[in-house]
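Number of protein chains: 2
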Amino acid sequence: MAQTPPRVIVIGAGFAGLSAVKRLGRSGADLDIVVLDRHNYNTFQPLLYQVATAGLDAGDVGHHIRGIIRPYRQAELLVETVARVHPDQRLVELDTGATLPYDALVITAGARTNYFGVSGAQEHGLPLYTLPDAIRVRNHVLACFEAAEADPSLVDQGALTFVVVGGGPTGVEMAGAMSELFRNVMRRDFRRIDPENARIVLVEMTDTLLGAFRPRSQQHAHEQLAARNVELRLGARVTNIERTRVTLESGEVIPTRTVIWAAGVQGNDLTDDTFERIRGGRIVVNPDLSVPGHPEVFVAGDLAAATRRDGTLLPQVARPAIAEGRHAARQVLRRLGGQPTVPFRYHDPGNMATIGRRAAVADLPLHITLTGGIAWLAWLGLHLIELMGGMHRRTEVLVRWAWDYLRWEWGPLLILTPAPDPDLATSEQEQEPGAP
Amino acid sequence: MAQTPPRVIVIGAGFAGLSAVKRLGRSGADLDIVVLDRHNYNTFQPLLYQVATAGLDAGDVGHHIRGIIRPYRQAELLVETVARVHPDQRLVELDTGATLPYDALVITAGARTNYFGVSGAQEHGLPLYTLPDAIRVRNHVLACFEAAEADPSLVDQGALTFVVVGGGPTGVEMAGAMSELFRNVMRRDFRRIDPENARIVLVEMTDTLLGAFRPRSQQHAHEQLAARNVELRLGARVTNIERTRVTLESGEVIPTRTVIWAAGVQGNDLTDDTFERIRGGRIVVNPDLSVPGHPEVFVAGDLAAATRRDGTLLPQVARPAIAEGRHAARQVLRRLGGQPTVPFRYHDPGNMATIGRRAAVADLPLHITLTGGIAWLAWLGLHLIELMGGMHRRTEVLVRWAWDYLRWEWGPLLILTPAPDPDLATSEQEQEPGAP
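Chains A and B, in that order, give the protein sequences. Everything in the first sequence is counted per our numbering, starting at 1 for the first residue and increasing by one. Everything in the second sequence is counted per our numbering, starting at 437 for the first residue and increasing by one.
Mixed in with the good hints, there may be bad ones.
Computed cross-link-like contacts, SDA-like style, restricted to lysine to any residue with a CA-CA straight-line distance of at most 20 Å [as the list claims (entries may be wrong)]:
hint : chain 1 : residue 1 : chain 2 : residue 2
1    : B       : Lys458    : B       : Gly773
2    : B       : Lys458    : A       : Glu123
3    : B       : Lys458    : B       : Pro442
4    : A       : Lys22     : B       : Gly773
5    : A       : Lys22     : B       : Asp625
6    : B       : Lys458    : A       : Gly264
7    : A       : Lys22     : B       : Pro442
Just so you know, these hints were derived from the structure itself, not from any lab. All values reported here derive from a predicted model rather than from experimental measurement.
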């Protein structure tokens with residue numbers, strides 16, 4: 001009788017999950033790898049803000065998971081929603097009620113938007129964490145301009161005021177890209193309103209943008225956003241969001257129809273009462289990324305409270321997620337091969353954010369800080385080389401986009417809301433952005 | 437006091453509407469051109485079936501209307517829904533209640549899906565006339581495969597049976613493209629099901645496919661679809677559609693979750709009790725395309741009952757629509773210039789349909805009939821030259837697609853349903869596909 005190969009389940013097919021699957025698949029080990037994701041696509045999140053600002057189309061940043069795992073015959077994808085994990089029985093329970101046993105588990109279930117309990121934020125804020133989020137932001141922003149063109153009196157009611165909450169990379173990138181979209185691309189297209197007069201207000205709780213960056217990068221981001229007419233509200237806190245306005249703690253009321261919520265994320269609650277969590281819902285992990293008490297369960301990506309050697313938490317961005325996923329896969333292989341696991345060591349290549357065309361900041365190792373056009377090229381190069389891997393189509397998309405972007409050739413300015421499919425039980429709608 | 441230029445309203449920005457706007461804009465005449473459309477994009481309908489079968493992304497066949505009319509400073513777009521036309525008062529009424537007066541009107545409001553009263557067709561049939569329609573078909577078809585992979589017992593319940601109703605160009609193109617998608621692209625991507633075993637059933641009421649084509653083309657379409665394992669039901673009528681099955685007049689019951697409804701269209705009912713209509717809801721027009729009794733109102737495109745010189749109706753496809761729109765615009769200019777109008781003369785360049793890769797049929801003038809690869813190239817060339825005009829991006833898209841298509845490099849296989857925007861009153865959902 002042939003022996004059944006050990007089953008490794010990977011929950012989530014984001015950067016961490018796919019990185020784990022590739023490492024497992026490439027090992028050639030006799031495994032039964034099951035990938036579980038709610039969607040049949042992987043999202044290239046670093047460029048989501050470009051989808052939201054009509055620089056890229058959805059198909060450019062969404063990638064078909066089956067195509068990515070095609071080379072690994074041991075791996076299969078099931079498009080299913082995970083209800084919870086039962087580590088004591090080594091079972092993953094789906095929301096259909098079915099259970100899947102595993103020998104090793106890699107949880108990369110990611111995060112979802114954190115509204116921090118701000119009144120009205122969940123109802124009226126537009127998050128920017130998933131691909132459907134980004135398409136919704138694009139549709140909404142473009143629809144605001146169409147509404148104002150049809151009835152210019154709406155401008156005084158805030159139809160052309162766009163508030164971004166959160167001064168981290170997502171908020172900065174979104175504010176910068178909106179400014180360029182309005183002032184360089186859309187300005188020629190309306191007769192009754194002037195998109196150059198649209199207001200962009202960036203609200204940040206702390207006293208600086210890009211808190212995780214070096215002061216020189218923060219300063220550059222300030223200057224570049226100011227040069228793009230973005231109004232900065234630093235040290236400002238949003239206390240209430242309504243359909244037609246935002247209220248700040250200072251008492252300032254901003255009439256607006258658009259609040260882009262880029263204030264932060266929290267780990268998905270897939271295993272809520274099962275594993276220990278820290279602030280932000282990240283799961284506590286051992287140095288080897290396994291879960292305390294369950295050496296066959298690993299966590300990687302936004303959901304893992306993985307740290308640097310000095311004990312500080314790694315940021316919830318693509319590059320650490322990829323490294324963590326790969327590490328978790330290696331430890332699974334070591335365990336299955338009877339070897340001891342080793343601790344995760346992250347070699348930090350730095351921090352980067354794009355403010356606009358030829359304007360970016362890059363905090364690199366050895367205290368090298370780049371700003372402006374050279375940082376933009378570094379950003380492009382790093383994404384090309386490190387994140388794209390051997391994926392021909394992705395590389396082509398990024399090169400084409402960069403070329404168009406530099407020439408102000410913009411992409412898909414369509415307001416397109418496909419009707420949901422009422423008939424098929426399995427067709428899904430976004431209920432909880434970011435859940436696997 | 438400066439004289440107000442005459443206002444020309446164009447309802448609808450499809451092939452006919454944009455063709456009229458371009459002709460009016462290029463004339464250099466001092467006009468106030470107002471374009472009304474429910475959407476901010478124009479749809480390249482001949483390639484909708486490629487969006488539905490994941491060969492192209494939505495942004496490839498949707499084009500931003502403001503970008504297209506940008507060269508014409510006299511023209512403006514209002515993204516609004518027209519409620520009705522009041523020809524006696526020369527007013528267009530919007531669904532907001534506002535009215536717009538006009539000196540001349542070009543109605544190109546298009547058509548919508550005609551369900552011919554078949555029981556269950558409107559509830560469960562998936563039409564393929566608008567861009568949201570095409571995205572919904574794609575999401576649905578791909579979701580069927582995902583559901584069957586997760587639970588292979590669904591295959592016996594029809595999860596992988598795809599019924600296409602209507603053997604005209606849309607039905608033939610859709611059946612052929614699905615077959616290639618399943619058998620050439622998706623076959624490598626599943627572990628538990630075999631996409632090559634998916635059934636495609638094409639149901640046509642008459643005894644032949646492509647009724648408007650020459651017998652040799654019809655024969656080629658039969659052969660090519662049969663070679664692609666498409667099951668043909670000719671002379672067959674659908675009597676009932678339920679969520680999980682289709683019933684034919686013969687008594688045959690086909691278990692299926694997918695009925696693509698390509699059986700025909702009817703004119704939009706924008707002006708229902710105002711103008712005289714023929715079967716299919718097309719508005720009766722004079723030889724110059726004006727409406728009897730209203731010489732300042734013209735109708736063009738799918739909504740117009742325009743005829744050839746022999747009195748037969750022109751097909752509701754792109755090329756006649758473009759010619760009619762241009763003609764209507766010329767007559768508007770002649771009338772405003774005090775000249776008599778002239779009759780519309782259509783120079784028919786022929787009929788074309790694509791069955792699959794390197795397989796097409798083309799009925800050309802002078803009794804030339806092409807089939808196979810040469811017809812496919814003719815199809816490609818004609819679309820490139822005649823429909824794309826000077827639009828750089830469209831041309832690039834088509835060339836890129838044709839190149840990928842020939843290499844079986846497929847595009848966006850994503851199941852992506854953006855959540856509708858609950859907040860903005862102007863954000864729209866499809867209520868009546870095809871309405872302007």
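Given the proposed pairing of Lys22/A with Gly773/B, does the C-alpha separation stay at or below 20 Å? violated, 70 Å
Agreement of Lys458/B and Pro442/B with the hint, judged by alpha carbon distance not exceeding 20 Å: holds, 17 Å
Below or equal to 20 Å on CA atoms is what counts here, so check Lys458/B against Gly264/A. This hinted pair is violated, its Cα atoms lying about 47 Å apart.
Given the hinted pair Lys22/A and Asp625/B, is their Cα-Cα distance within 20 Å? Holds, because 16 Å separates the two Cα atoms, which is no more than 20 Å.
Would the hint linking Lys458/B and Glu123/A be met if the CA-CA limit is 20 Å? violated, 43 Å
Sort out whether Gly773/B lies within 20 Å of Lys458/B, counting only the CA atoms. Status holds; Cα separation ~18 Å.
Need the status of pair Lys22/A, Pro442/B: alpha-carbon distance at most 20 Å? violated, 65 Å
Taken one by one, the earlier hints fail for this structure at numbers 2, 4, 6, 7, listed in ascending order.
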